[in-house]
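Student: The primary structure of each chain is shown beneath.
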Amino acid sequence: MLEQLKVIGHPTPKLDGKIRACGKAVYGHDIVLPNMLYGAILRSKYPAAEIVSIDTSKAKQLPGVVCVITASDVDVNNISYKRDHPILKKGEVNCIRDEIAAVAAVSNEIAHKALNLIKVDYKVKPGIFDPFEALKDQAPQINKFFAGKSKKNITHEFHYEHGNLQEQKDRSACIVSRRYIMPRVTHCCLGTCAITADYSRIDTRLTLYSVTQVPFLYQRDMAHALKMEPSHIRIIQPVIGGGFGSKLDMYPYEPICALLSMKTGQPVQIVFDREEEFLASPTRQPMVMDVTTGADKNGRFTFREVKIIKDNGAYTSWGATTPFVMMQTFSSLYQVPACLFDSYAVYTNNVYAGSFRGYGNPQATFALERNIDALADEMGMDRAEIRLLNANYQGETTGQGLVYRSCGHKQALETVIEKSGYSKKYSVIQQGRYRRGIGLSSMLHVGGGAKIYRSDGCGTTVKFDAYGYLTIITGSTEIGQGSETVLAMIAAEELGIDINKIRVINSDTDVKPWDVGVHASRTSFVAGNSLLGAINELKKKISPQAAQMLNTDVEDLDYLNGQISSRKSGASVKIDKVIREIHFNAPNELCLANYYYEPGSEFQDKNYMGNVSGAYAFAAQAVEVEVDTYTGNVKVLDVYVAQDVGKVLNPLGLSGQIEGGVVMGMGYALTEELIIENGLILNPNFHNYKLPTAGDIPNIHFFPIETIDSAGPYGAKGVGEAPLIPTPAAIANAVNNAIGVEMNSLPITPEKVLKALKNKIND
Amino acid sequence: MTKQHTISFTINGHKLQKTIPASMLLLDFIRDELNLKGTKPGCGEGECGACTVLVDGQPVNSCLFLAVNIDGKDVTTVEGLFQQEMLDPVQNALVEYGGIQCGFCTPGMVMTIKAFHNECLSRNIIPDKEQIKKALEGNLCRCTGYTKIVKAVEALFIR
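These protein sequence lines map, in sequence, to chains A and B.
Per the numbering used here, the first sequence starts with residue 38, numbered consecutively.
Per the numbering used here, the second sequence starts with residue 2, numbered consecutively.
I should point out that these hints are in silico values taken from the structure, not numbers from a laboratory.
Take the hints with a grain of salt, since some may be wrong.
What the hints assert, rightly or not - Derived CB-CB ranges, DEER-like:
hint, chain 1, residue 1, chain 2, residue 2, range
1, A, Tyr667, B, Ile127, 44 to 54 Å
2, B, Thr3, A, Pro267, 52 to 62 Å
3, B, Glu155, A, Leu627, 47 to 57 Å
4, B, Glu155, A, Arg238, 55 to 65 Å
Every residue, glycine too, gets a C-beta built ideally from N, C-alpha and C.
Turn these sequences into a full structure, and let the hints steer you where they fit.
Tutor: Right under this line is the structure:
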């Protein structure tokens, strides 16, 4: 049946590509409303201080300033899932991001001028910038709104275990322990944070033009923060200039913008400049991971023991919950009989971490895949062979209870090993200034959503107009990843209509049905299945009418080329004619259908056991690098990617996700770090925070692996996060192969490489 | 009070005269005075290239360029490339080859590629991959990993 697909599996350019190419797409930065004001936020000068006094009188007097607010002017609730984060700070500040006051003015320039007129007296305190210091008994409580159960500065801890750890340790022939240190990196969406709030005092309704990735959760969070009725808040999502997980939570600037609009009765817009984006948008979670693993004499893995200390920053965002995903990698990537996992997110006076593509998995995979190389080396085993020996398999239920109904892990590894010429390249002895190396890594990630919230579902409405054009109203969100196009492709496939006759509406909570949001690589899987369900319902209306018009039965119908035809007689009727018959003749029905899809996954129990996703994605990468031993520079030459995607839906969109992910992973591995010293960010700009540029990109060779998962749309699984997850580990493993030293902290800068080479010579 | 200047210029084929403060940046002038929102603010310091426009055919970071300096000059923004209901070949190639994801960097990318394409054509050069990558180094993209953008540019020279 799959061979007959007309649209699915064929490269399809993004439907929304043309308006973006012509500069006609409206981003949050481009919105202008009548009578709109410009908002700006005064942030703390110090990472830890008491606020002695705030004087806004001069700012208020500045011509053009309409409103100035501080914590004492507003009646609001704390935000964050731990409710440990005041929107505007009162009495004390705990990180350099802290919002002290906000201004609304007739121009952006005046708003920023007014910030300089606000006088804040601080009593500076010594901050705590190291999570290990924050764990000490004498450390003060950093966040006074939340104290952890076991220790005062732990915001969230996770404990997971399966199997008999001691027994597995006893039967291990080899055990290795390493510490891995991961830096603070940030999303660098090209479109900075932007919001426009429009509060109507007439009907007490709030409209937010917001770049959120989770509009319905955001609506609820906003309502809680502002003490409003959720249904009085309408979220409209303009075109989003990059997400990557950064917009999964609500941050203080958003309710602040709403408050300024409520106070003034005018629309207010807040747009971050790049420096504010670096300073005040979330980061990936920096952490220290101690990992011990073992293998028996045959090289079969026996156990993993993991302890993680995460620098949470001063308040809690989703970064603290990334162990949900990290523990999966330790418990279930490769077969392992026993696993003990503990992680602690620790408050400090640094900026707080949020969610970022991969959700902890790039860190976990880096540690595990580096550790596997160390274990193989210690045992004198081949690094490829040990991976193949322990690879996951179809039908496996892991120690954590993940069920691999389909699994391309081994095939992915075999593919990149073969295509890259791994074995031959690995054993070439490197000499001279430039030394080449090749590294392997693989990964496991959710590929069918993740049942974390009460529902992991998505609603869809489909509606035909009288001319045979289809509107898909989906709960899901487009952040550039190409979900609109995939959804239109699915509808074009199923209904046999031209893709240009399909519109996707996905940006307004007053219109679209509920969806949990764009995260966890879930949109094609969950929204795709939801759409298939809605189309099935729609066909239940159309097919009987068409069958009647063609004198046949519904089983005999094909939807193709804008027509519905009878396979038996060959007679056909245009689909729009059938629709008009249904609309305009008694009993006069709409050609409209709804469907809500909930993945067949389970909630995990309190021990984190359970089959949390509708499907699991696997991938392997082999990376070839060249190290300049004079400068320490690492150049990535070739990246071989094999990824179990279930089924390729849009090859063009898919390879775009792969290439973008690999290059993002390369930045994480080699150049990116938000440098923070005593709570202050030292490089809040693209000059000193080094993103990869076009000149840095390697050749990327992509080999999709189709395992056709029975739960996915056409067999497809989630794709978006996976490609960046194995990249840093594969690069570090390649550097190790090239120069014979272990690189266990990121980024692998020229300084670190030279230092490692020097230490190696001295040894 | 900042000194005001009157400037005459051509924008996307239309002649205009405006009086503006000397300190106004071209990016703000284009977005806020001319209401052409296609040109994007990405970093404000000439690092990301999202605000690239053409001044007399040369690509400039409009966030670092004073608007008064377009006096007597010809400015093209991303909106100016869409002519007679047709996408420019550069825009078309980016769409067709999948060089656009979130699209925020795209207007700047389009203008940089347009200038590069024109320059290569006028000098009768078919650039190799490395030359193309070099030409794109001033434009950051976080979504695509550049691979498809490079392919789109290569395709411009094959047609």
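Student: Hints first: check each against the structure and report whether it holds.
Tutor: Hint check:
1. A/Tyr667 with B/Ile127: 44 to 54 Å: violated, 34 Å
2. B/Thr3 with A/Pro267: 52 to 62 Å: violated, 46 Å
3. B/Glu155 with A/Leu627: 47 to 57 Å: Given range 47 to 57 Å: holds, Cβ gap about 48 Å.
4. B/Glu155 with A/Arg238: 55 to 65 Å: holds, 56 Å
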